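Protein chains in written order, with this note's numbering: chain A, 1 to 213; chain B, 1 to 434.
Treat the hints as calculated values from the structure; they're not laboratory data. In this text, all values refer to a predicted model and were calculated from it rather than measured experimentally. Built from N, CA and C at the ideal position, the CB exists for glycine as well. Hints are not guaranteed to be accurate.
[Stated by the list, open to error] Here are the simulated PhoX-like pairs of lysine-lysine, each with C-alpha atoms no more than 25 Å apart in a straight line:
{"id": "1", "chain 1": "A", "residue 1": "76", "chain 2": "A", "residue 2": "213"}
{"id": "2", "chain 1": "B", "residue 1": "67", "chain 2": "B", "residue 2": "36"}
{"id": "3", "chain 1": "B", "residue 1": "67", "chain 2": "B", "residue 2": "192"}
{"id": "4", "chain 1": "B", "residue 1": "261", "chain 2": "B", "residue 2": "250"}
{"id": "5", "chain 1": "A", "residue 1": "174", "chain 2": "A", "residue 2": "22"}
{"id": "6", "chain 1": "B", "residue 1": "35", "chain 2": "B", "residue 2": "151"}
{"id": "7", "chain 1": "A", "residue 1": "22", "chain 2": "B", "residue 2": "185"}
{"id": "8", "chain 1": "B", "residue 1": "151", "chain 2": "A", "residue 2": "174"}
{"id": "9", "chain 1": "B", "residue 1": "185", "chain 2": "A", "residue 2": "174"}
[Unchecked claim] Okay, the calculated beta carbon distance ranges per label pair:
{"id": "10", "chain 1": "A", "residue 1": "156", "chain 2": "B", "residue 2": "427", "range": "43 to 49 Å"}
{"id": "11", "chain 1": "A", "residue 1": "156", "chain 2": "B", "residue 2": "390", "range": "36 to 42 Å"}
{"id": "12", "chain 1": "A", "residue 1": "46", "chain 2": "B", "residue 2": "312", "range": "54 to 60 Å"}
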Amino acid sequence: MSHFRADIRQRAEELVALYPRKRSAMLPLLHLAQENDGYLSDEGIAEVAALTGTTAADVRGTAAFYDMFHLEPVGKYVVGVCTNIACLLAGGEEMLEHASRTLGCAPGATSADGLFTLEESECLADCNIAPCVQVNHRYVRTTTPEAFDQLVEDLRAGRLDHDVPSHGTLIRVKRQGGLKVPAEDIAAERSAAIAARSARAEAAAAAAAQESK
Amino acid sequence: MASLDAPRIVSSRRDLADSFTLNRYLETGGYVALKKALGMFPEAVAAEVDAASLLGRGGAGFPAGRKWSMLRRSAISYLVVNGDESEPATFKDHYLVERDPHQLVEGVIIAAYALQVNQAFIFLRGEFALGLERVQQALNEAYAHGALGPKIFGSDFSLDIVVHPGAGAYICGEETSLLEALEGKRGFPRIKPPFFPAVTGLYGEPTVVNNVETMSNLPWIINHGGAAFAALGAGRSTGTRLFALAGKVKNPGVYELEMAKNTFRDLIFDPALGGGLAEGRSLKAFVPGGVSAPWFGPDQLDTPLGQDEVGALGSMLGSGSVVVLDDTSCVVRAAWRITKFFSRESCGQCTPCREGSGWIERIMYRLEHGGGRMEDLDLVLDLCDNIAPGLSWPPQQTTICVLGPSIPSSVHSALTMFRDDFVAHVNHGGCPHD
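Sequences are here, hints too, so could you generate the full structure?
Written out as structure tokens, the structure reads:
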């Protein structure tokens, strides 16, 4: 019995099939597990372990390395405020303080209503619109305290549900198409191409040798 | 005056609102280069890239053609594209993956054909949620268009491309760490040698890893020829390059400029580019190529934006990101924040990096926030020297990867250029700007 919702389970199985080795699907599957539960639950971790042929301890150890994976429950909206160099110069620290006051929680914590988790982010690569704020890894581009407060109000009222979908950065990444050719055919095609290439190289070398004579 | 008449090679669609769609891409010359490449022998395609002398646009500036030629001796298994853009203040690949994903995809297909690889991966940092969607959408459209998948455009060449999301780790921009992440592991950089994934890459097989911008140049190079690309720029710095300008300038943004033909002064002050600083402000210092690079001051403003020109002055063009500090910016705070970043992002494998970054960060913190001591100035340099002995450029390495030796750059620059500011912080018992 799968812990994942049926559609997520199906996407997970498709992802595993994309890679030459199952374990390679680890990071995408962890994103899906967060989409399913809002964070990495024990059940989600166990399912990723089963799908990748690893153990829960291995999955947890891998997930802990990456900032985007939450091993404990977080708010519906994870708000990241960048304070790295470009944003620092544009008032990123002040924005983080302001966000902390507005949301009523310190960086790293979740608001009392469980709706928001605030994070101090490293550079999010949107430095021309600084300080940079992301919500669930969507650029919201609020650079003033007023705009930030408006954003929070809109999020609370559910007015940004389309722009800021819930967890899981892969929520709208849907693969269509792909290579439906047996691996043996590809291998054969490849060896033929390599053989043709060597033949051309040899011919070129022979021609060069001929010329130098 | 800035020289702005070079063609836009990778940002030609920047003014089009729907630049990321297949229809717009086809209307503006998309997938023509791929058709042309498929009619050439793979080694002829690689030869064009060699002729272009295209330097890798990720940060290290290694010639892409040479990277490929190391692999031509053996059969290559995988092509991996590095889109884990995380170097602070670098945001050019962000622009390319969101605004022109088809150009990237076409470049990847051309490279895969030249290398005769049938499986490619595009690794994008997880924080690029929209970028991941746009690139996947572009791949879906390319499959439907016949530009990707089995028997591309009726040729004998088949290719599959998988988009792989990262999950928030700067270190995964280091190519061996990226491969670990792609294998589903913690992003620990691999021990060198072997120095190149060309020898031992993904799953231990020969692999080419190239940056997003490097790939995005390929359609133009195939359309116009490697020689036309090499005719732009000067010296080893051929073609154009995206520069990400941030910090205390009027118009921060991504600008495509012919390499080595413009200077930092042009980029920062030209009205068509950075537009200069705010009224009444003066330039104090700038970071010339990502925060791993040693800083420059006003005296270096006339340095051309070229790989060797910047290298000759003891820094690097790196990731192409320029950050401007003005006379109101606190250099101690800036250097502290950059060190905090490295401390947070150190993967923890090597002691000098793991411990050193934290120690330097804490000393910089107390200098900035109060509690700093005069002897901290020498102590911090001594710690830097332990991570990168001699504090030379390029730095000596005591760690598995180059994250470690990147740590001292900002602190060492700030301290040698603005020692008086540090002394003022100690005497003031914290930041005099606060």
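Hint check results:
Taken as a hint, the residue 76 of chain A and residue 213 of chain A pair is broken in the structure, with Cα atoms around 76 Å apart against an allowance of 25 Å. The suggested pairing of residue 67 of chain B with residue 36 of chain B holds, with an alpha-carbon distance near 23 Å, which does not exceed 25 Å. Restraint check for residue 67 of chain B and residue 192 of chain B: satisfied, since their Cα atoms lie roughly 17 Å apart, inside the 25 Å limit. A C-alpha spacing of about 22 Å is found between residue 261 of chain B and residue 250 of chain B, which places the hinted pair at or below 25 Å, so the restraint holds.
At roughly 19 Å between alpha-carbon atoms, residue 174 of chain A and residue 22 of chain A fall within 25 Å of each other, so this suggested pair holds. Taking the CA atoms of residue 35 of chain B and residue 151 of chain B, the gap is near 12 Å; set against the 25 Å cutoff, the hint holds. Annotation: proposed proximity of residue 22 of chain A to residue 185 of chain B holds, straight-line Cα distance about 12 Å (limit 25 Å). With a C-alpha separation of about 23 Å, the suggested pair residue 151 of chain B and residue 174 of chain A falls inside the 25 Å cut-off, and the hint holds.
The hinted pair formed by residue 185 of chain B and residue 174 of chain A meets the criterion: a straight-line CA distance of about 24 Å does not exceed 25 Å. Look at residue 156 of chain A against residue 427 of chain B: about 47 Å separates their beta carbons, and that is inside 43 to 49 Å. The hinted window of 36 to 42 Å between residue 156 of chain A and residue 390 of chain B is violated, with their beta carbons roughly 55 Å apart. Distance hint check for residue 46 of chain A and residue 312 of chain B: the Cβ-Cβ separation is about 56 Å, which falls inside the suggested range of 54 to 60 Å.
Consistency with the previously given hints fails for numbers 1 and 11, ordered from lowest to highest.
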